[in-house]
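Protein chains in written order, with this note's numbering: chain L, 1274 to 1612; chain S, 1026 to 1493.
If you are wondering where the hints come from, they were derived from the structure by calculation, not from laboratory data. A portion of the hints provided could be inaccurate.
Covered stretches of chain S (chain L as the covering partner; in silico rule of three or more C-beta atoms under 8 Å from a C-beta of chain L) [stated by the list, open to error]:
| hint | region |
| --- | --- |
| 1 | 1093-1107 |
| 2 | 1125-1137 |
| 3 | 1294-1305 |
| 4 | 1410-1421 |
Pairwise CB distance ranges (calculated) [stated by the list, open to error]:
| hint | chain 1 | residue 1 | chain 2 | residue 2 | range |
| --- | --- | --- | --- | --- | --- |
| 5 | S | L1101 | L | G1407 | 53 to 63 Å |
| 6 | S | R1268 | L | P1409 | 50 to 60 Å |
| 7 | S | P1131 | L | E1305 | 39 to 49 Å |
Built from N, CA and C at the ideal position, the CB exists for glycine as well.
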Amino acid sequence: MKRRGRGIACMWYPIGFTASANPSAAVVKVNEDGTATLLTGTVETGQGSLTILAQIVAQELGIATDDVHVVSADTDTTPIDTGAIASRTTYVTGNAARLAAAEAKQILFQVAAPVMGVEPDHLEVSDHKIQVKGFPQRSMHIGDVAERARGVKGQLPIGSASFNPATVPLDPETGQGKPFATYVYATQIAEVDVDDETGEVDVLRVVASHDCGTPINPMLVEGQVEGGISMGVGFALEEEMLFDANGRLVNPNLTNYIMPTSLDMPKVEVDIVDSYDPTGPFGAKGVGEPTCVATAAAILNAIHDAVGVRITSLPATAEKVHAAMKAARAQEPRSLTAG
Amino acid sequence: MDKKAGVIDKEAPVQTVRDTQELLRAPAGAPLVPLPLEVVVPEARQQTPAVRQRATRPDARMHGLGQTKYIDDFYLPGMLYARVKRAGIASARILSIDTKDAEAMPGVVAVLTGRDVPCNSFGPSLKDQPVLASERVFHAGDGVAAVAAVTEQIANEALEKIKVEYEPIRPVLDPLESLHLETPGIHAPNPNIYGHKVIKKGDVEKGFAQSYRIFEASYRTQMVEHVPLEPHSTVATWDANGRVTIYSSLGRITLGRSDIARTLAVPMSRIRIVATVVGGNFGGKNEIRTEPVVALLAKKTGRPVKYTFTRPEEFTSSTTRHPLVMDYKTGVSKEGRILARQIRLVLDGGAYCSWSETTLAKALILSAGPYNIENLAAEAFVVYTNKTMTGAMRGFGAPQVCFAYESQMDDIAKALDIDPLQIRLLNVLREGSLSPTGQTLQSVVVRETLLQAAQRFGWNGAGKGTRA
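For reference, chain L alone in the conformation it holds in the complex (with noise of 0.2 Å):
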């Protein structure tokens, strides 16, 4: 018979490295008609983090995503990066970017300024055009400004920063520091079916709600939260590099080291929490790791719910959650426990 069970795991991530400099630069060109280039030395690994690097840059100069074109993955021609890891892009490399087109901005206000008679620091962006803060009439269009701040004024509006979140090292004695400068948090909830004769876990459904500051694209953090709810299905069920005991790896294949395919997961419904970390690119921290952190937790939760048996240990394969049954029924008062 099948029995359902409804387990629940919350976690917290840090974002960036642990209390070491993990530093991004970002150089931004504006180009004359008012589009943009980002350079940037991180790498897409199919997250999506380029166009959210171009967000930001465009949300920084009032333009839109795709008039930000991005220049990465090249060591002759963009700058440092530390890299796609420790869910450090948004937040470390996403600051270095907005704070490079933050400078070239304050570049093309300048130019801007003495043509609208105000001081730069009255100005701002919004949709393609420079306006005086308060006049929203009285506004020019980036691409104006831009061809202005090289024809005219000869001034070229490039900017380029670097970030480092702030981090204090960890006393060796007590580990008592500031390791990273935040963290995201983030509940999941998975509801499974287990059969009590086989011990075969199907997960169901998977209920995840994910904080990662301010979203800067909420679409791409969907997709980060379902990617990582595959990863921690594999991990909580079936996924195991299995050695002999001359440690030789017996599985280095597809055929024996089994994996969750996409028949095998779950139905899921995100979340993004409402969040907002001032010291992120407008708000955001970052999402790319801790979408695969509480998932294997919430299941074997929810087999111990199903069907009584704490399994401690991973993967919870079928042969494992039948052991553990069968051994739960053989004793008297029954047993919560098994490995």
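Chain L is already provided as a structure; the job is to place chain S on it using the hints.
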């Protein structure tokens, strides 16, 4: 069979590149439609303000059309193919490597061993990984020799002709065995424990003394692979000025360059690294892997060289997730408030350090969970074993410790007859809470995520153990 262009014959078998003459003339993966394609820009990419827009990714169009060029899609004129001979033995002393027969094979252009590597060690923190093992094998996936040949098949056959004599050494596979001091050091004279950190906050003994109940449990997790769809891949080519361009699936090019410069003993200004869209990283492509071997073979042969991992190599010879042994002791009040927690973590570091120091620190700091715990004593060790090295992987130890602290949280809730949601709400970190390392936390919304998820799920405190 009717092969009229543009007409899709539903009866016809699926055409492959091999049986289609037209396709054979075009480079693999080239489009059969003229470029540029009609570009329709989705509205969300054209809107301001840009932040919070559901903007599509430009690379998604490339993926969808099969247009993305991964490193293995690169071909340079005269390019050779590299393969690496893997030890296949977990722990041994290398007595001799005989490459004569392989070198004599027609089609083999160069063979490389560890002795040909200018600086045969690398690693993101400890430089304990060899580019090619020359004296000792520390895990079965260690490379012992590399071949560059005109085809991949010849390179594979050449590996069979390389004879390596080993003197086996008993492998240490269990992290707890490795932790014992009497175990001979795997990397002697260095100890097996190569990383150790502690966190002390408050007074755990006092906390346990005040506790209504104390819960103790031990948890273990397994070794898993990142399994990126795109295996590690590198193409290297040198120019006449002694400058090398490396096309790589590396996810961290700017820091990879300094590691490559060190192994090749070449100034950084003479190295250019170009990456494309990485076909899945998850932490596994965060350190150099095949780049030095490929660059050295390209230098030795004077021709571009490509090396792409096989799927088995992805498992045996790239980093993996740290297995953890986690001992938790938690004291709670009658109401379910955590008063004290003691934790010991043992991380299986595999054969080399890689990103273990970071994983150790993150696992330790996060091991208390997102909870307010005044009295905490946590300790973590990372040890060498003769298995595939463990390194950076999405979460750096966090999924492992979350499994432990959340399993125990549910056991405490059950024993005290408290709803699992309520016991968490009672203990979670709040705005301004002090972290285990004494950091004042900001933008803390764990409580909000619990309530939001519970509402979405329809958790309402009742219905535990409902049946399907």
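**Report entry** Hints that the structure is at odds with (numbers, increasing)
**Finding:** Of the numbered hints given earlier, those the structure breaks are 1, 2, 7, listed in rising order.
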